[in-house]
Amino acid sequence: MQTYQQRALQALGDPTRREIFERLTAGPLAVGELAGELPISRPAVSQHLKVLKEVGLVFDRPSGTRRVYQVDPAAVAALREYFDAFWSNALASFRAAAEEPEQPSGPRRET
Amino acid sequence: MTTQTAVRQAVTVSASRERAFEVFTREFNRWWPRSHKIGPAALAEAVIEGREGGRWYERDVDGSECEWGRVLVWEPPARLVLAWQISGEWAYDADLHTEVEVSFVAEAPERTRVELEHRGLDAFGEKMDDMRRSFDSPGGWTGILKDFAAAV
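Chains as they are written, first to last, in the working numbering: chain A, 1 to 111; chain B, 1 to 152.
Please note: incorrect hints may appear among the correct ones.
[As the list claims (entries may be wrong)] A few chain B residues that face chain A, going by a derived Cβ cut-off under 10 angstroms, partial list only:
(1) 6
(2) 20
(3) 30
(4) 33
(5) 92
(6) 96
(7) 97
(8) 100
Source of the hints: derived by calculation from the structure; they are not laboratory data. Because the structure is a prediction, the values reported are computed rather than measured. A virtual CB, placed ideally from N, CA and C, is assigned to each residue, including glycine.
Using the sequences provided together with the hints, build the complete structure.
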């Protein structure tokens, strides 16, 4: 799992790939549509999509006569996982501080 | 898209809304984990300035200061929005913009639910791998959580 997540994150290290990924979070798009919106060639878009697909961030499926790419919700969840852990821990620390008595010498408030 | 690139956490504390807001902001330094900082020197103080447009920064034992972001919304004791502009390499990045919104909801006179949303996380894509590695390291969040669980 760790390795998989790290590969996914590394794939987003490329600004153009991140741009493509962000556009796909709004909804499925075909290669041609992406190429029309970005200042890069269609083969370049295809190459980036290939990388994103390899690490599991996006998948493709046929849609009528074309092939569309879309974000894999599970992969996005993996990206959020670590900030969940970050804030969970910070808030646990905050709670401990908020429940301490205001004055160190004051009476302890039991809950 | 917003929901996909945001995380939400909540914690209920046995304290008034005013007290909870005060601890979160004015006493930020008391609870912020010491390991999470930017500068090379040890953390002396972590500060949230109590006003809109205020600074959110750290001061280190060598006297240096490192920006973390800005106070975007200051509505004591109900709401606080911070711009989190710390990159994956734990450096201030003016071009990076993610937001942390904290809401304080009174459930009883001495009980407050604190809700936190960190949004715009896709902006981290580039450096998330490095950040994850630092958090997963020994002495990182996992160990801190255990300490707090034991203390509460």
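Taking the hints in turn, this is what the structure says about them:
Against a cut-off of 10 angstroms between C-beta atoms, the interface hint on residue 6/B holds, since the closest Cβ of chain A lies about 8 angstroms away. For residue 20/B, the suggested interface contact is upheld, since its CB lies about 5 angstroms from the closest CB of chain A, less than 10 angstroms. Taken as an interface hint, residue 30/B checks out: its beta carbon lies about 5 angstroms from the nearest beta carbon of chain A, inside 10 angstroms. Residue-level restraint check for residue 33/B holds (minimum Cβ-Cβ distance to chain A is 6 angstroms; threshold 10 angstroms).
A distance limit of 10 angstroms between C-beta atoms decides the matter here; for residue 92/B the minimum to chain A is near 18 angstroms, and the interface restraint is violated. Against a cut-off of 10 angstroms between C-beta atoms, the interface hint on residue 96/B is violated, since the closest Cβ of chain A lies about 13 angstroms away. At its closest, the beta carbon of residue 97/B sits 14 angstroms from a beta carbon of chain A; the interface hint therefore is violated under the 10 angstroms criterion. Taking 10 angstroms as the C-beta cut-off, the interface hint given for residue 100/B holds, the closest approach to chain A being about 8 angstroms.
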